[in-house]
Amino acid sequence: MAAPPKKPQTSVSVPAARTGRPRVSAKGEQTRARLIAAARTLLGGEMSARFTTRNVAALCGVSHGMCHYHFEDRTDLILAVIEDIRPEWISPLEEAVEAPGAFAERAERVVRLLTQGESADLSHLHSALHWHALNDERVRVSLEAEYRRWRGCFVRLFQVLADERGDGIDPRPLGEAVAAAVDGLAAIQSLDAEVDAESVFRTLIGTLAAGA
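Counted the way this note's numbering counts, the sequence shown spans residues 43 to 254.
Misleading hints may appear alongside valid ones.
[Unchecked claim] Beta-carbon label-pair distances, calculated as ranges:
1) THR94 with ASP212: 11 to 21 Å
2) GLY208 with LYS69: 47 to 57 Å
3) PRO134 with ALA219: 13 to 23 Å
4) SER241 with ALA75: 33 to 43 Å
5) GLU140 with ASP212: 38 to 48 Å
[Said to hold, decoys possible] As a list, the in silico SDA-like pairs of lysine to any residue whose alpha-carbon atoms are at most 25 Å apart:
6) LYS69 with MET108
7) LYS69 with ARG116
8) LYS69 with ALA91
9) LYS69 with SER105
10) LYS69 with GLU114
11) LYS69 with ALA122
12) LYS69 with ASP126
In case anyone wonders, no lab produced these hints; they're calculated from the structure. For each residue, glycine too, the CB sits at the ideal point set by N, CA and C.
Please construct the entire structure, taking both the sequences and the accompanying hints into account.
See below:
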């Protein structure tokens, strides 16, 4: 007796596993970027006290529901803003430190970058973010991580000096000292624009390097 014919095999497509956040269309990405831009405008402007997802949506020209489609709540929006401004104050410093060169060359790049100062908009935005960090734990944790990354740039700068000398100096307190001075000088300059930032930074970095 002949064996019954085999059923032809059919291929079954298995959907790929989903990783990361859901895929968003190009239009969706544009809307998200516009919402972040609107959030930056509200946070860094005189309407910071009125920062809500509803006001962000209104400024962006989209529905409140669309805002919540991209961001669960206003904290999510603030976290997105913190990430959005990273290329404006942390990334350039990282690039200045990590680019090839001896300690003196890298320090010179850092000084030139620091003396450019930050825009008034970015300064106001940082102030607003600090205020929200005092009242929102998620914002505090995110902003703390960003500042740790920023301070780490100065530590890595002095790590280059430590590697050049090979005498076991600890780069952390040196880098942290410069970071604290940079932060403090920014506050001073907001009240007294005549402070010679370049001279201060050159003196500080040079003195710490010589005395290390």
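Quick rundown of the hints versus the structure:
1. THR94 with ASP212: 11 to 21 Å: Violated: the Cβ-Cβ distance is about 46 Å, outside 11 to 21 Å.
2. GLY208 with LYS69: 47 to 57 Å: holds, 55 Å
3. PRO134 with ALA219: 13 to 23 Å: Once the Cβ atoms are compared, 21 Å apart, the range 13 to 23 Å for ALA219 and PRO134 holds.
4. SER241 with ALA75: 33 to 43 Å: 40 Å Cβ-Cβ, so the 33 to 43 Å window holds.
5. GLU140 with ASP212: 38 to 48 Å: Given a distance of about 20 Å, which is not inside 38 to 48 Å, the answer is violated.
6. LYS69 with MET108: holds, 12 Å
7. LYS69 with ARG116: holds, 21 Å
8. LYS69 with ALA91: Roughly 30 Å between the alpha carbons, so the hint for LYS69 and ALA91 is violated.
9. LYS69 with SER105: holds, 15 Å
10. LYS69 with GLU114: This hinted pair holds, its Cα atoms lying about 19 Å apart.
11. LYS69 with ALA122: The hint holds at about 18 Å.
12. LYS69 with ASP126: Satisfied, since the Cα-Cα distance of roughly 18 Å is no more than 25 Å.
When held up to the earlier numbered hints, the structure conflicts with 1, 5 and 8 and fits the remainder.
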